[in-house]
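Peer 1: Once you have looked at the hints, place chain B on chain A.
Residue numbers (the numbering used here), protein chains in the order written: chain A, 1 to 189; chain B, 190 to 532.
Think of the hints as simulated: they come from the structure by calculation, not from any bench. Nothing here was measured: the structure is a model prediction, and the numbers come from that model. Backbone N, C-alpha and C define an ideal beta-carbon position, used for all residues, glycine too. Do not rely on the hints blindly, as some may be mistaken.
Just a sample of chain A residues kept apart from chain B, beta carbon distances all over 10 Å, derived [what the hints assert, rightly or not]:
1. 7
2. 130
3. 142
4. 145
5. 178
Beta-carbon label-pair distances, calculated as ranges [unchecked claim]:
6. A:124 / B:445: 43 to 51 Å
7. A:145 / B:254: 24 to 32 Å
8. A:124 / B:317: 34 to 42 Å
9. A:142 / B:258: 19 to 27 Å
10. A:144 / B:320: 30 to 38 Å
11. A:127 / B:258: 20 to 28 Å
12. A:61 / B:252: 26 to 34 Å
13. B:317 / A:75: 24 to 32 Å
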Amino acid sequence: MASNTVEIMDKDGINRALVRIAHEILEKNKGAENIGLVGLQTRGVPIAYRLQRIIRDIEGLELPVGILDITLYRDDLMHLQHQPNVNVTEIPFRVENSRIIICDEVIYTGRTIRAAMDALMDQGRPHMIQLAVLIDRGHRELPIRADYVGKNIPTSRLEWVNVQLKEVDGTDGVLLGRNLDRTSSEGTI
Amino acid sequence: MSATTGEYIKTTPAIKDRSVEAGTEKSRGGDHIMDKDLIRIRTLDKEDIVRILDQAESFYEILDRPIRKVPALRGKIVVNLFFEPSTRTRTSFELAAKTLSADVVNIATKVSSAVKGESIKDTALTLKSLGANIIIVRHSHPGVPELISKQGDFKVINAGDGWGEHPTQSLLDLFTIRRKMGSLKDLHVTIMGDITHSRVARSNIYALTKMGAHVHIVAPPTLVPACLEKLGVKVHYHIEEVMEYTDILYLLRIQMERLEQSFFPSLREYAQFFGVNAKRLEQFSKEVMVMHPGPINRGVEISHDVADGMDTYIEEQVRNGVVVRMAILYLISREGAGRHDVA
Numbered sequence: 001m002a003s004n005t006v007e008i009m010d011k012d013g014i015n016r017a018l019v020r021i022a023h024e025i026l027e028k029n030k031g032a033e034n035i036g037l038v039g040l041q042t043r044g045v046p047i048a049y050r051l052q053r054i055i056r057d058i059e060g061l062e063l064p065v066g067i068l069d070i071t072l073y074r075d076d077l078m079h080l081q082h083q084p085n086v087n088v089t090e091i092p093f094r095v096e097n098s099r100i101i102i103c104d105e106v107i108y109t110g111r112t113i114r115a116a117m118d119a120l121m122d123q124g125r126p127h128m129i130q131l132a133v134l135i136d137r138g139h140r141e142l143p144i145r146a147d148y149v150g151k152n153i154p155t156s157r158l159e160w161v162n163v164q165l166k167e168v169d170g171t172d173g174v175l176l177g178r179n180l181d182r183t184s185s186e187g188t189i
Numbered sequence: 190m191s192a193t194t195g196e197y198i199k200t201t202p203a204i205k206d207r208s209v210e211a212g213t214e215k216s217r218g219g220d221h222i223m224d225k226d227l228i229r230i231r232t233l234d235k236e237d238i239v240r241i242l243d244q245a246e247s248f249y250e251i252l253d254r255p256i257r258k259v260p261a262l263r264g265k266i267v268v269n270l271f272f273e274p275s276t277r278t279r280t281s282f283e284l285a286a287k288t289l290s291a292d293v294v295n296i297a298t299k300v301s302s303a304v305k306g307e308s309i310k311d312t313a314l315t316l317k318s319l320g321a322n323i324i325i326v327r328h329s330h331p332g333v334p335e336l337i338s339k340q341g342d343f344k345v346i347n348a349g350d351g352w353g354e355h356p357t358q359s360l361l362d363l364f365t366i367r368r369k370m371g372s373l374k375d376l377h378v379t380i381m382g383d384i385t386h387s388r389v390a391r392s393n394i395y396a397l398t399k400m401g402a403h404v405h406i407v408a409p410p411t412l413v414p415a416c417l418e419k420l421g422v423k424v425h426y427h428i429e430e431v432m433e434y435t436d437i438l439y440l441l442r443i444q445m446e447r448l449e450q451s452f453f454p455s456l457r458e459y460a461q462f463f464g465v466n467a468k469r470l471e472q473f474s475k476e477v478m479v480m481h482p483g484p485i486n487r488g489v490e491i492s493h494d495v496a497d498g499m500d501t502y503i504e505e506q507v508r509n510g511v512v513v514r515m516a517i518l519y520l521i522s523r524e525g526a527g528r529h530d531v532a
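Excised from the complex, chain A in its bound form (with noise of 0.2 Å):
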């Protein structure tokens, strides 16, 4: 893995980016009023506790932080190799006409996202859904699209991107690679 890998974001990058995210979902929501962060499991998770801690610093108010585990809504689950394990959801506030903004590392097919908003359309009407993602890497399979972007990085299929976050792997960064080893698909959707 190590030969053909380029950090693209650094610490300080992965920061800056998601400040300015807070901002624009700040700006785009005129404030926020009624607002939910939804972290998708696992690397979403600790975005989204980041974009309220920044948010909190900003505005002075504590957006509510759900999580949720989107694997019993993937499209692939019955073709998988193995049956992946199923974390834990926890919406700790009512999805019915709050504004969601999901959280996640990186937007690939959008096959995740279309799972997420199918489990958040379970639990509630939400007034709003929006999304939010660190990394943009194209080859869209589905007709969505993020509302906040930390950074748009053209991929080949090839390459894979891989989000470190220091609450889950212990450092941060963002690494780009091309490694024919990677070849399980389990878990890029």
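Peer 2: The following block gives chain B in isolation, referenced to the frame of chain A:
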């Protein structure tokens, strides 16, 4: 959201204390339980059990949602094939399967071709032709789930086979204990009642010892099978002997329908020596969790005051039954797993 901020519960840190570390789930996924039937606890290893309990933990919140449905098993056909009467197990499986969006067919033998003399094998072959993906079976003879499993590519879950095992009951019991106590290791669990005729006792003895708990049996000598100590349990004949260290008191139903011979002089005498009431519960050194797989015989193994009391987890067991069975159905449902060896 300032106007409604009060509705929000403080969120806890995202990654919780779970036995499967966050972030490693993609590399995990295993070749254990989900490739096989679930027929015996005896043939599961500890890792399988932990995985089922962890999955159940993740499914727990689904039952609190306004719409209790997730699409995980959409298009799957789950058959409840019950040759013995059951209310809670069958309903629990049905709710679990429906919550996961499976299509559920209930077959009660009183109204099925079994009364016309159709063999178990032919029933299984019929269900196979009808496209059953998962068959949940209860029968009064041990080994029937294995027999059914050999007939086709469907998965089989044992919902109780005679004196054999009742693995899903045992897993929901473990789940209930783990939720309350945090861990199963080194707990002292006393199982009291009719051990000989109890598949629940058998499955629980296997499961609890695998998880590192100490299992004590309290029963009249006539209701304890020979050589039970070989399973790693301690056998007592008086409840007083376990009062000092018991954490969990697991009561079993006196199974009137299986007691053709007399194993004890009278129900009244049994209740005298082995029935649990509030007064007896007070004699225990620790605060004990009282559990019972149901249905309960009030006034025999458990008194009204205990059955309705604060230390009793019977209702939690019922709720957790749905959650644990969802986890089992989910884990077992994967397509394309090769034909397996039946243990």
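Peer 1: Look at each hint and say if it fits the structure.
Peer 2: Going through the hints against the structure:
1. 7: About 19 Å separates residue 7 of chain A from the closest Cβ of chain B, which puts it past 10 Å; holds.
2. 130: holds (15 Å)
3. 142: holds (17 Å)
4. 145: Holds: least Cβ distance 24 Å, greater than 10 Å.
5. 178: About 20 Å separates residue 178 of chain A from the closest Cβ of chain B, which puts it past 10 Å; holds.
6. A:124 / B:445: 43 to 51 Å: Holds, since residue 124 of chain A and residue 445 of chain B (Cβ atoms, about 48 Å apart) stay within the stated range.
7. A:145 / B:254: 24 to 32 Å: At roughly 28 Å between Cβ atoms, residue 254 of chain B and residue 145 of chain A fall inside 24 to 32 Å, so the hint holds.
8. A:124 / B:317: 34 to 42 Å: holds (40 Å)
9. A:142 / B:258: 19 to 27 Å: Holds: the Cβ-Cβ distance is about 22 Å, inside 19 to 27 Å.
10. A:144 / B:320: 30 to 38 Å: 34 Å Cβ-Cβ, so the 30 to 38 Å window holds.
11. A:127 / B:258: 20 to 28 Å: Given about 22 Å between the Cβ atoms, the range holds.
12. A:61 / B:252: 26 to 34 Å: Holds, since residue 61 of chain A and residue 252 of chain B (Cβ atoms, about 32 Å apart) stay within the stated range.
13. B:317 / A:75: 24 to 32 Å: Because 27 Å falls inside the window, the suggested range holds.
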